[in-house]
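Novice: Chain residues, written in single-letter form:
4 protein chains.
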Amino acid sequence: MIYFNSDYTEGCHPAILAKLAETNREQTPGYGEDDYCKLAADKIREACQAPEADVHFLTGGTQTNMTVTAAALKPYQGVITASCGHINVHETGAPEAAGHKCLVMETPDGRLTARQIAAYTDAHYADESAEHMVQPKMVYLSYPTETGTIYKKEELREISRVCRERGLFLFLDGARLGYGLMCRENDLTLAEIAEYTDIFYIGGTKVGALFGEAVVITREELKVDFRYHIKQRGAMLAKGRLLGIQFLTLFEDNRYFEISAHAARLAEKLKEELIKMNIPFYSDSPTNQQFVILPDALLEQLKKTYVFSHVARVDGTHSAVRLCTSWATREEDVDQLLADIRGLLGL
Amino acid sequence: MIYFNSDYTEGCHPAILAKLAETNREQTPGYGEDDYCKLAADKIREACQAPEADVHFLTGGTQTNMTVTAAALKPYQGVITASCGHINVHETGAPEAAGHKCLVMETPDGRLTARQIAAYTDAHYADESAEHMVQPKMVYLSYPTETGTIYKKEELREISRVCRERGLFLFLDGARLGYGLMCRENDLTLAEIAEYTDIFYIGGTKVGALFGEAVVITREELKVDFRYHIKQRGAMLAKGRLLGIQFLTLFEDNRYFEISAHAARLAEKLKEELIKMNIPFYSDSPTNQQFVILPDALLEQLKKTYVFSHVARVDGTHSAVRLCTSWATREEDVDQLLADIRGLLGL
Amino acid sequence: MIYFNSDYTEGCHPAILAKLAETNREQTPGYGEDDYCKLAADKIREACQAPEADVHFLTGGTQTNMTVTAAALKPYQGVITASCGHINVHETGAPEAAGHKCLVMETPDGRLTARQIAAYTDAHYADESAEHMVQPKMVYLSYPTETGTIYKKEELREISRVCRERGLFLFLDGARLGYGLMCRENDLTLAEIAEYTDIFYIGGTKVGALFGEAVVITREELKVDFRYHIKQRGAMLAKGRLLGIQFLTLFEDNRYFEISAHAARLAEKLKEELIKMNIPFYSDSPTNQQFVILPDALLEQLKKTYVFSHVARVDGTHSAVRLCTSWATREEDVDQLLADIRGLLGL
Amino acid sequence: MIYFNSDYTEGCHPAILAKLAETNREQTPGYGEDDYCKLAADKIREACQAPEADVHFLTGGTQTNMTVTAAALKPYQGVITASCGHINVHETGAPEAAGHKCLVMETPDGRLTARQIAAYTDAHYADESAEHMVQPKMVYLSYPTETGTIYKKEELREISRVCRERGLFLFLDGARLGYGLMCRENDLTLAEIAEYTDIFYIGGTKVGALFGEAVVITREELKVDFRYHIKQRGAMLAKGRLLGIQFLTLFEDNRYFEISAHAARLAEKLKEELIKMNIPFYSDSPTNQQFVILPDALLEQLKKTYVFSHVARVDGTHSAVRLCTSWATREEDVDQLLADIRGLLGL
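Chains as they are written, first to last, in this note's numbering: chain A, 2 to 348; chain B, 2 to 348; chain C, 2 to 348; chain D, 2 to 348.
Derived from the structure by calculation, the hints contain no laboratory data.
Hints are supplied without guarantee of correctness; some may be wrong.
As the list makes no split between identical chains, a pair holds if one copy fits it or if it spans any two.
Lysine-lysine pairs mimicking DSBU-like chemistry, simulated, CA-CA at most 30 angstroms apart [said to hold, decoys possible]: (1) Lys138 - Lys224; (2) Lys154 - Lys138; (3) Lys138 - Lys304; (4) Lys75 - Lys270; (5) Lys138 - Lys75; (6) Lys224 - Lys272; (7) Lys39 - Lys304; (8) Lys20 - Lys39; (9) Lys20 - Lys304; (10) Lys154 - Lys44; (11) Lys224 - Lys305.
If we strip away everything but chain A, and leave its shape as in the complex, we get:
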């Protein structure tokens, strides 16, 4: 079977494996206080052009979102999120288990707007019984979003402005950050993301690492005692160097960006070819997740060889599925999939 269902189906980039083997017998301090973590943090600060940023390494996305939320909010404060936000849908209530409400907004494509955020927040403070309601205090963006879309520079800058005017923290979930940054439509740099947000993370799990997310904190008040939060949420890896080694390897030799570009290019190829076959899309994604609508009969055939993620039933005879490329995707697998679809369609 060939898996296109997600971007976490393989192990890790071979350079990481090599580095893990090479350093395996070394003895280091635990809990992220080793030199690999320090070096990786330096590399990331440099890539972000944020010399004052704090960088921490956690093992997974839900864990990271939970830890950031718990660290940033007081008990009566909530996080503004798109209704399809990972934090709202696919974390089994982790933010709520940490005591915080998701303040949910509808969006056409997973992207919040500055206007929405401003209107909601202003309405809260204008309400005479504001204290009977959860106070908005953080905005959660995923980049790319759960539907594969991205924020353009101008949009993120405007969201940032609106947040800063209103005292809202801006948190960007970059589980698939590389795949956003390296797609053709993108006009944002990593440094701009660091500049416009208060805290964000660079996803490793889906972008070449075995596991791991690098949290970058630029806002002073969010830096305070962050390691206490990490430990309390069960997110402090004993052999923390594993995270340092991985991110150090990813941020050497432009590797993070190159492997992301590989996935982006294959996704673009997939998209273009499927468009040529007149296959409709469930969302218009420029990134490594492509959401396509296929006839169920065709899907049944494809499922003999390929694994997809089911997204939604579209009508009585069609379904939407997600196809992901990643750093690990082989171009020949993409080509074979395209050929097989063409064949099944009789093109």
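Once you've looked at the hints, dock chains B, C and D against the given chain A.
Specialist: Just chains B, C and D, lined up with the frame of chain A:
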């Protein structure tokens, strides 16, 4: 520098690294639903002689303790623990963050007794204002304990009996399980631990893995929806197979037990030789953690070459330190340390 | 000023005040273990025709909703609610602070349907990654709802059936229960509410008491250790008899129903007369809360004498406001308000 | 039966009842935004000589402790308390349910010392793995303590100094504040308590009110958004004026202090007379709670007429019980009790 401060200073057993490399390009389902996890769970059920047990893989100890506590207790229920229990001291309040009080008992050496547990629980229910106090519902034991001691078979059986009579869950934290099971003084088997407890975990992080703990659940009511809890606590690894691969490798060819025995033997050597030098011990540990009392002047000399964990100041001129052996400890390092101490003492 | 903004603007029914004075010097046990609480619970069981029900007295609505939610749900479970539900909007995130997500559904008028509940729950269990999402476990209905509407017997029965088939607890928030039961359109009895739900509460704060809500539990598993939950949530009144005395007085001589009927009748009068004046309504409420749309200019005049709750801006020149009647409303105040509106409208 | 078991066995001071009756038909805004609450807050600020303080009214002690703890601490921070502190023993884990660990210290008589607090806090920050442990951030004192003892001015001033040096909030639980302030041994004023602490509360439930505690906040950062916390914890009474009316009445005409002095005087009489009878005491309390050791046989006789709180079994034939006086205690009841004990002892 040679690290004796802890048992998580190196990477992992080479067989694990080899297996990770070998399987790196394979594509598998995520979140622990791959075949490696299934096979590893089978191996563990077999080793525990517990064919009906549920086995889940999490990444670290605090995370596991937090998830188990959250899963087992209702909001008004607490967990009985020795005052030095990891859950009470070194998890930055993770159980409390999940809403639960540690019901703390003093012990001479980190080991709770059946009598203590029974007395506390009976006193709770006998109190006319019981409902004004946290209800004891789970007992947390670490095995080996934080001071290196272990429970003997008869002690664990009696604790188990007392718990079952009173409706208390018995949870055993086996972060260093192998080092307890394979020490000379031990008379318990893994199967007996599975039999006497309701839920326990087999530590990987400190016993040969890069990371990972295997939770074994034998009590039916604790099995219900456990994966929801794992996900909610940020403890469900996307590339779950990494845990399956590691535990599969550890439980092949008796590896977990052999590498544990290695650490136990070196700790015993260390202990015996230090006793011969008339060095006093801070606790009487039969396992891989040895707590010794050394003159500060001697320690200053040793610290040029070795890293220890500081435990306590004993008096104006002596300190207690922890020396750990592990699966990765080299016998020549132990020998050198012993020789250096002898030399410094002029023996 | 004459307050029509809410149903908690006065103190309490004079019979309660008399009883408080009469019993003031009596000495009783604390924490709800006095005879007044026992007698009041008996009266309520009788009124509910639920001899096996447990009855507990708490002081307020948010507190009660929080305590019930915390008692009923495991950490990964959530509560289905209409988006306008009090629990979702006006409790400053109390359910989330207790760790639970509100699973929010849109409704035309604040009323959930059996079909919605069934569809949502079935979709959850049909999803292959169900454990990544919050599990629906309780349904929260307010009766009357926040828009003044009520469930008809057939609707509640069907919701109950759907919940029982799916293992969902059905919880009814009866902060204004009397005003629902005694309105003209209602076809439900208190006994039927007890029968169809698993747990509900009879509101006292808004229906004649100084404060207090009576929780009625008919489902066995929700009865377990409920007093521990009450105490833990800060909801166990030291002088618990104050609650017993109030509910005993309300449930003597049919008082609860009679004073509710008074409010219902005055609301109906208000509604009928406003309809005659062709004043549009913001929602079609049969109960003591009436939501009317008035020209801003008219409102400005009325605000010199009356207090309303602002609900929404409807257009550039109109607003929706809430008018409440209660056990304490004077018919002459209603008549004067109607006369003043008529006068201002030149009718 | 005559109740000496607690200080919350009666209703309220008659002046409160009169005021409730007098104002019963008045219409006021809800949720503590009425004029009675404003006036009561002014009176309290004046009595505290703290014109800048914020004053809030909650309904009970556990609720207040829970709300303050939730408001003051970040998730990884805990509250230092004596092991017998109400917050640690008799709140069914309410602080933990809000996510916070009680950092427990042993005391001879319920009173923490400045030295203990300083040593614990300094040790925390000196520990190289501080972030693996709960960070101390607030100190909880009860005044009087659970054993009836009080802090002297010099002790409280020193605790305050130690807290301020270390950035710890100082919170004083004054559930029985009046009984401490008005006892003969006391040398503290209400204004000094306001000065030395950051937040404290003046107990009403046990000192003349039906219910209610007045929280006084002098530290700026604890004032922020406190009403959100109150609402979220279910502690915002709809008819908030009930609290305003009660505290206004208590703080008029020196009433709070006079009724407290009454209880203190009767407790002193009780103590002196029991000492004359050579009855031993379980703790040396100068306040309204007296803890005496009585022969079980004598207790059996007394229990035919009196209700006490059982505290502890002292030996095979003696028990410790608590006798409380309060604003409501009749001197003739105290005299009769003393006479009965004398009679039973054959004195």
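Novice: Each of the hints needs a verdict: does it hold here or not?
Specialist: Hint-by-hint comparison with the structure:
| no. | hint | in the structure |
| --- | --- | --- |
| 1 | Lys138 - Lys224 | both (16 angstroms within a copy, 18 angstroms between copies) |
| 2 | Lys154 - Lys138 | within (22 angstroms within a copy, 41 angstroms between copies) |
| 3 | Lys138 - Lys304 | neither (44 angstroms within a copy, 34 angstroms between copies) |
| 4 | Lys75 - Lys270 | neither (45 angstroms within a copy, 46 angstroms between copies) |
| 5 | Lys138 - Lys75 | both (9 angstroms within a copy, 15 angstroms between copies) |
| 6 | Lys224 - Lys272 | neither (41 angstroms within a copy, 43 angstroms between copies) |
| 7 | Lys39 - Lys304 | between (45 angstroms within a copy, 23 angstroms between copies) |
| 8 | Lys20 - Lys39 | both (16 angstroms within a copy, 28 angstroms between copies) |
| 9 | Lys20 - Lys304 | between (36 angstroms within a copy, 29 angstroms between copies) |
| 10 | Lys154 - Lys44 | within (23 angstroms within a copy, 52 angstroms between copies) |
| 11 | Lys224 - Lys305 | neither (50 angstroms within a copy, 34 angstroms between copies) |
Of the hints listed earlier, those the structure fails to meet are numbers 3, 4, 6, 11, in rising order.
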